[in-house]
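In case you want the letters, here they are:
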Amino acid sequence: MSPTRPGSLRGLTTTAPGEPFIAFKDVRLGFGENEVLQGISFEVWPGETKVLLGESGSGKTLIMKLAAGLLRPDSGAVWVMGENVSEMAEDELLDFRRQVGFVFQEGALFDSLTVADNVAFRLREENVPEDEIEQRVREALRFVEMEPAIEKYPDELSGGMRRRVSIARALVDKPPLVFYDSPTAGLDPVTSQTIITLILRGRDLQGVTSLLATHRVQDAFGLAHFRFDAASARVVRADGNGAAAPGQNDSHPGIPPTNVLVLRDGAVYFEDAADKILHSTDDYLKKFLASAE
Amino acid sequence: MPEASEAPSILSILSGIAKREILALQDYSLLSLQAVLNVFMPPAYWSDTLEQMDLIGVGSLPIILAASLSIGGVLVLNTASQFQRFGMTDLTGDAVSLALVRELGPTITALLVAGRNASGMASELGSMVVTEQVDAMRALGTDPIRKLVTPRVIATIFIMPLLVAVFDFVGLVGGFIASYFTLRLGAVQFWTRAIDALEFGDLMQGFTKPIVFGFIVATVGCFQGLRVRGGTQGVGRATTSAVVISSVLVLVSDVFLAKLLIYMFQK
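In order, the protein sequence lines correspond to chains L and F.
Everything in the first sequence is counted per the numbering used here, starting at 1 for the first residue and increasing by one.
Everything in the second sequence is counted per the numbering used here, starting at 1 for the first residue and increasing by one.
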């Protein structure tokens, strides 16, 4: 059922053309007797948005954390941007993680810091000059339309605002790869759509490759059916599964399609274009469609 | 016919507990070692360290002042009748001074700091763990031990001797006030005896202990915070454990430290 792309991991030390940005190879992870991930294999290609769709407890967050090197697999290999993160030492992982962005489920903003300091956190760690930090923080917050809240603390923000600040924090250093862990969980439909629009903007304006975990099939369709048009600064319907048609996105032409990977009981149940779910006769996939109605 | 599941033996339960505790001890040792080694390798978070010094030092001052004044006074009240019986009331300064500087100052200050700051560290770091802020820090490429633990350990180690100095002095003031009103001792008599009674070894004992106690309080507080599991209930458990374990460790280590320091400085 899973039309996984063929791809070799042999000798992968850099992300060369034709090689995946992320590659999970037979990854297993368990806690005590309970094996949560049972041989996960998939790939994410440069510019692609891969949506991990699954019910609560299906292991979506674990996959995100494994990809970011926040957890280590019991067996198997996790390759990200040419590095085997499952075998890297913690200090190497710290350097590696500076190249990627991570949006946590609840935002995970530092509650003792203001919005500005949260977004500036990574820049300060990198000893970027203060005047440049100010400029880049404002730019990132403008991107997520949160500049007016720059001096506020996280507990003064709504759930959706916190997610937007978290996206600004993840994107402030313009990483080539961003992990979104259930960015719309617990949000109302309008705010969820705002978050999806921000992810579209990151994908279509900055060329960000991303792995997005969600239990909402609407998020997958939102990413697959729409794109952010830089010229009109609006979300427009995309031709063909979230890919910008040639010439429609001058900054990042030919963005690969948005694909969905459905997890069930710790294994990959389905992997294909989002539209294939729409036409599927599989009872389990239909459950996701039913929940979206 | 399905097999009846065997109940775990007492031996296997005990061995499981022992393994868990040994693993925790190993994790604690590694965390403590890493926190110390970080001091010698960049980057250093000096502003965080200063902020922690302020929180631990200035923040603990009110309870240190109240406790030391009371303990100095009560020491005199309890010993006054004995000194009067033998007509040795002029030794009050010696007794208060030696008791405070060698033992009560470092120990009670450590217990107060454990109650206030080990619990604070455990609950703060524990809350950061359950709200994924620690993971977010790691995801942003920052080492949480370097950013969160090392500044707290350094700050507590530096601040503890200063708090003990304040405790000792205010304790002596409390002792003097009680002596003045109960034994009618003059200021010159009390303070001369109190200062003359102290030798180099007493001061070494009194100011070496807080360094060790500070290390224990901070590392235990941080360790309990970073190993929180089970949401807000886990934070509560970690807070309690941080205070209990650090207090017990302070008292137990005090025995060995006292013996060692007496051996080293008061031959």
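No lab work stands behind these hints: they were computed from the structure.
Note that the structure is a prediction, hence the values are computed from the model and not measured.
Beta carbons: idealized from backbone N, C-alpha and C, even for Gly.
Treat the hints loosely; a few may be bogus.
The following label-pair restraints were derived from C-beta to C-beta distances [claimed, not checked]:
1) Thr240/F to Tyr153/L: 27 to 37 Å
2) Phe31/L to Pro8/F: 18 to 28 Å
3) Gln266/F to Tyr153/L: 48 to 58 Å
4) Gly207/L to Thr240/F: 43 to 53 Å
5) Gly59/F to Tyr153/L: 14 to 24 Å
6) Gln99/L to Gly59/F: 34 to 44 Å
7) Leu33/F to Gln135/L: 18 to 28 Å
8) Glu21/F to Asp95/L: 30 to 40 Å
9) Thr281/L to Leu33/F: 54 to 64 Å
10) Gly59/F to Asn127/L: 27 to 37 Å
11) Ser47/F to Asp91/L: 46 to 56 Å
12) Thr240/F to Glu145/L: 24 to 34 Å
With a Cα cut of at most 30 Å, we get these calculated DSS-like pairs of lysine-lysine [said to hold, decoys possible]:
13) Lys174/L to Lys25/L
14) Lys147/F to Lys152/L
15) Lys276/L to Lys25/L
16) Lys287/L to Lys25/L
17) Lys276/L to Lys287/L
18) Lys19/F to Lys174/L
A partial selection of chain F residues facing chain L, derived with a Cβ cut-off under 10 Å [as the list claims (entries may be wrong)]:
19) Gly141
20) Asp143
21) Ala258
22) Leu260
Hints, verified against the model:
Checked against the given bound of 27 to 37 Å, the beta carbons of Thr240/F and Tyr153/L, roughly 28 Å apart, stay inside it. The supplied range of 18 to 28 Å is met by Phe31/L and Pro8/F, whose beta-carbon atoms lie about 19 Å from each other. A hinted range of 48 to 58 Å for the beta carbons of Gln266/F and Tyr153/L is consistent with their spacing of about 53 Å. Checked against the hint of 43 to 53 Å, the pair Gly207/L and Thr240/F passes, with Cβ atoms roughly 50 Å apart.
At roughly 21 Å, the beta-carbon separation of Gly59/F and Tyr153/L lies within the given 14 to 24 Å, and the hint holds. At roughly 39 Å, the beta-carbon separation of Gln99/L and Gly59/F lies within the given 34 to 44 Å, and the hint holds. Checked against the hint of 18 to 28 Å, the C-beta distance between Leu33/F and Gln135/L comes to roughly 40 Å, which is inconsistent with it. In this structure, Glu21/F and Asp95/L meet the distance hint of 30 to 40 Å, their C-beta atoms being roughly 34 Å apart.
Judged by the Cβ atoms, the range 54 to 64 Å given for Thr281/L and Leu33/F holds: they are separated by roughly 58 Å. At roughly 30 Å, the beta-carbon separation of Gly59/F and Asn127/L lies within the given 27 to 37 Å, and the hint holds. At roughly 22 Å, the beta carbons of Ser47/F and Asp91/L sit outside the given window of 46 to 56 Å. Checking the proposed 24 to 34 Å range against Thr240/F and Glu145/L shows it is violated: the Cβ atoms sit about 43 Å from each other.
A C-alpha spacing of about 27 Å is found between Lys174/L and Lys25/L, which places the hinted pair at or below 30 Å, so the restraint holds. Note on Lys147/F and Lys152/L: the hinted pairing holds, with a Cα-Cα distance of about 23 Å set against a maximum of 30 Å. For the hint pairing Lys276/L with Lys25/L, the CA-to-CA distance comes to about 24 Å; that is within 30 Å, so the pair holds. A C-alpha spacing of about 28 Å is found between Lys287/L and Lys25/L, which places the hinted pair at or below 30 Å, so the restraint holds.
A hinted pair counts as satisfied when its Cα atoms are at most 30 Å apart, and Lys276/L with Lys287/L qualifies at roughly 14 Å. With a C-alpha separation of about 45 Å, the suggested pair Lys19/F and Lys174/L falls outside the 30 Å cut-off, and the hint is violated. About 4 Å separates the beta-carbon of Gly141/F from the nearest beta-carbon of chain L, less than 10 Å, and the hint is met. Among the interface hints, the one on Asp143/F holds; its C-beta lies about 6 Å from the nearest C-beta in chain L, closer than the 10 Å criterion.
The beta carbon of Ala258/F is not positioned within 10 Å of any beta carbon in chain L (closest approach about 39 Å), and the interface hint is therefore violated. For the restraint placing Leu260/F at the interface with chain L, the shortest Cβ-Cβ distance is roughly 35 Å, beyond the 10 Å limit, so the hint is violated.
Going through the hint list in order, the structure does not satisfy hints 7, 11, 12, 18, 21 and 22.
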